[in-house]
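Taking the hints into account, I'd like the entire structure generated from these sequences.
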Amino acid sequence: MLIAKEFVAYLSRQVASRLDTSVIEISNPAAVSEVIHNIVLDELGVEDRLNDEVRDLLEQYSVYMSNNGISYSEMFRRIKNQLVAQRKIVRASGRETGDAMKLSRDKINEISHKLVAGLRKSRDCRLRKDANDVRLELVKLISEILQNEDKADKAARTKIRTLKKEVPEGTEEWDILHKRYYAEELKSYGIDLGRS
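In terms of this note's numbering, the sequence shown opens at residue 1 and continues consecutively.
By construction, these hints were calculated from the structure, which means they are not laboratory data. Heads up, a few of these hints could be off.
[What the hints assert, rightly or not] Below are the EDC-like pairs computed for lysine to aspartate or glutamate, each with C-alpha atoms no more than 20 Å apart in a straight line:
| no. | residue 1 | residue 2 |
| --- | --- | --- |
| 1 | Lys140 | Asp106 |
| 2 | Lys179 | Glu169 |
| 3 | Lys88 | Glu47 |
| 4 | Lys102 | Glu6 |
| 5 | Lys5 | Glu172 |
| 6 | Lys80 | Glu137 |
| 7 | Lys121 | Asp133 |
| 8 | Lys154 | Glu166 |
| 9 | Lys114 | Asp20 |
| 10 | Lys88 | Glu43 |
| 11 | Lys114 | Asp48 |
| 12 | Lys121 | Glu137 |
| 13 | Lys5 | Glu34 |
Model, not experiment: these values are computed from the prediction.
So this is what it looks like as structure tokens:
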């Protein structure tokens, strides 16, 4: 998943608490936060589930691919792109689409549409403005929160790269260092994932 589950929980709580009362009336912030959390997690998991599906598919053809000198990564990319197009999946990664943030603008828009639909069904809130106004407010809030997350991630990666000892990305040591530096950087923005 592109964004840590702990950060998705934080994002959900923040969005629920920061939604303007002139846009939406919330009677139960915890329940609204849960609705937001579930929708965002599900949307971010779409591409992960697709990747698993492509891996399973390629596993069936591994012997054929090795016998014919076909690159696993090339086939993975081709099949994934084909399935993304067929199923009209909005890619989550902004970096693949040229956006600066981890999540693409298209994915944030997709999530905002689903959030509005989910919030409309919830008995714990009532939209006070047009659905599109609520959606635009959600896009703004999510983008603001994700900008700080992105800055923290980049700063953590920079700290790891500037260590005297080279630590290759993907190793257990890299993961531990990234998690520690990432948490430190988030705290510098007033974000503590350990707090509820």
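Each hint, compared with the structure:
1. Lys140 x Asp106: The given pair, whose Cα atoms are some 13 Å apart, holds under the 20 Å limit.
2. Lys179 x Glu169: Distance of about 12 Å is within 20 Å: holds.
3. Lys88 x Glu47: Answer holds: Lys88 to Glu47 is near 12 Å, not above 20 Å.
4. Lys102 x Glu6: holds, 16 Å
5. Lys5 x Glu172: Given that 20 Å is the threshold and the Cα spacing comes to 19 Å, the pair holds.
6. Lys80 x Glu137: violated, 32 Å
7. Lys121 x Asp133: holds, 17 Å
8. Lys154 x Glu166: holds, 17 Å
9. Lys114 x Asp20: holds, 19 Å
10. Lys88 x Glu43: holds, 13 Å
11. Lys114 x Asp48: Holds, because 18 Å separates the two Cα atoms, which is no more than 20 Å.
12. Lys121 x Glu137: With a Cα-Cα distance of about 18 Å, the restraint between Lys121 and Glu137 holds, given a limit of 20 Å.
13. Lys5 x Glu34: Given that 20 Å is the threshold and the Cα spacing comes to 13 Å, the pair holds.
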